[in-house]
Amino acid sequence: AQKITQTQPGMFVQEKEAVTLDCTYDTSDQSYGLFWYKQPSSGEMIFLIYQGSYDEQNATEGRYSLNFQKARKSANLVISASQLGDSAMYFCAMREGNQGGKLIFGQGTELSVKP
Amino acid sequence: GAVVSQHPSWVICKSGTSVKIECRSLDFQATTMFWYRQFPKQSLMLMATSNEGSKATYEQGVEKDKFLINHASLTLSTLTVTSAHPEDSSFYICSAKRLAGSSYNEQFFGPGTRLTVL
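Note that the protein sequences, when read in sequence, are chains A and B.
If you read the first sequence in the numbering used here, its first letter stands for residue 28, the second for the next number, and so on.
If you read the second sequence in the numbering used here, its first letter stands for residue 8, the second for the next number, and so on.
It is worth saying that the hints were derived from the structure and are not from the lab.
Mixed in with the good hints there might be a few duds.
Chain B regions said to be covered by chain A (calculated; three or more residues, Cβ under 8 Å) [unchecked claim]:
# : stretch
1 : 49-57
2 : 94-106
3 : 117-125
The calculated DSSO-like cross-link candidates involving lysine-lysine, where the alpha carbons are at most 27 Å apart (straight line), are [to be verified]:
# : chain 1 : residue 1 : chain 2 : residue 2
4 : B       : K21       : A       : K43
5 : B       : K73       : A       : K100
6 : A       : K129      : B       : K21
7 : B       : K21       : B       : K48
8 : A       : K129      : B       : K73
9 : A       : K141      : B       : K48
From the structure, some residues in chain A lie toward chain B, with a derived Cβ separation under 7 Å [as the list claims (entries may be wrong)]:
#  : residue
10 : G70
11 : E71
12 : L75
13 : K100
14 : G124
15 : G128
16 : F132
17 : Q134
These numbers come from a predicted model, not from an experiment.
The beta carbon of each residue, even a glycine, is placed where N, CA and C say it ideally should be.
Please put together the full structure from these sequences, using the hints given.
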């Protein structure tokens, strides 16, 4: 079974608008971490935001916020005020508490920002 | 801080040859390094977990005799693709887990190596 699911292969958003990228996860661990990474065409993985399973508040980092709904096992990324430079692949990832730190990635969502 | 480098950034080789990719943590010590493979338009798939001074742990379906991993020091791990074939052409990315520090963002990615096997 997929542990991390991103159901949107591609998304379009108008410049300056907000966009939500979906991510659901599956784990039986109580302690886990959820990450979002951006991968531009150059291939580098850029860390965006982190949410711990015990964090009560949704994580925010500048224009990025994570809508964490634990009961629904979802961790959607919200990008506000989209910029042309936000066009890239976005990956959701999970680190389970007892797995030595390895990350499991979702399939990714390709975001295109239109001028 | 927390910079990870990979060398080479791209390599083209003939079928049947071996290729070594290096992953270095430049400004921190890494207890663990991870190797991922990514095919075009696909996700990152974990190949193996490399711990300094011990044998690597390979994910199911990854041939350990084909993808040799050595983690000789706290700052260097190498991945050798032996007897490479065109189907091994891919983007290989490493990440390094910092030895010390309590930051949740304890894993840092290298820039990747694009391997093309002719």
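Hint by hint, here is what the structure shows:
1. Check result for the stretch 49-57 of chain B against chain A: holds, 6 residues qualifying (beta carbon to beta carbon below 8 Å, three or more required).
2. For the stretch 94-106 of chain B, the stated coverage by chain A holds: 4 residues have a C-beta nearer than 8 Å to a C-beta of that chain, and at least 3 were required.
3. With 3 residues carrying a beta carbon less than 8 Å from a beta carbon of chain A, the stretch 117-125 of chain B meets the three-residue requirement, and the given coverage holds.
4. Using a Cα cut-off of 27 Å, the hinted pair K21 of chain B and K43 of chain A is violated, with the two alpha carbons roughly 47 Å apart.
5. Taken as a hint, the K73 of chain B and K100 of chain A pair is broken in the structure, with Cα atoms around 37 Å apart against an allowance of 27 Å.
6. Note on K129 of chain A and K21 of chain B: the hinted pairing is violated, with a Cα-Cα distance of about 32 Å set against a maximum of 27 Å.
7. Between the alpha carbons of K21 of chain B and K48 of chain B the distance comes to roughly 24 Å, so the proposed pair stays at or under 27 Å and holds.
8. A hinted pair counts as satisfied when its Cα atoms are at most 27 Å apart, and K129 of chain A with K73 of chain B qualifies at roughly 21 Å.
9. Annotation: proposed proximity of K141 of chain A to K48 of chain B holds, straight-line Cα distance about 20 Å (limit 27 Å).
10. Satisfaction of the interface hint for G70 of chain A is found here, the shortest Cβ-Cβ separation to chain B being roughly 4 Å, below the 7 Å cut-off.
11. Interface hint status for E71 of chain A: upheld, as the beta-carbon distance to the closest one in chain B is roughly 5 Å, under 7 Å.
12. Violation of the interface hint for L75 of chain A is found here, the shortest Cβ-Cβ separation to chain B being roughly 10 Å, above the 7 Å cut-off.
13. Contact between K100 of chain A and chain B, as hinted, is not supported at the beta carbon level, the nearest pair being about 19 Å apart and thus beyond 7 Å.
14. The criterion of a C-beta within 7 Å of any C-beta in chain B is not met by G124 of chain A, whose closest approach is roughly 12 Å, and the hint is violated.
15. For G128 of chain A, the suggested interface contact is upheld, since its CB lies about 5 Å from the closest CB of chain B, less than 7 Å.
16. Interface restraint check: F132 of chain A against chain B, minimum CB-CB distance 5 Å, threshold 7 Å, status holds.
17. Below 7 Å, beta-carbon pairs count as interface contacts, and Q134 of chain A has one with chain B at about 5 Å; its hint therefore holds.
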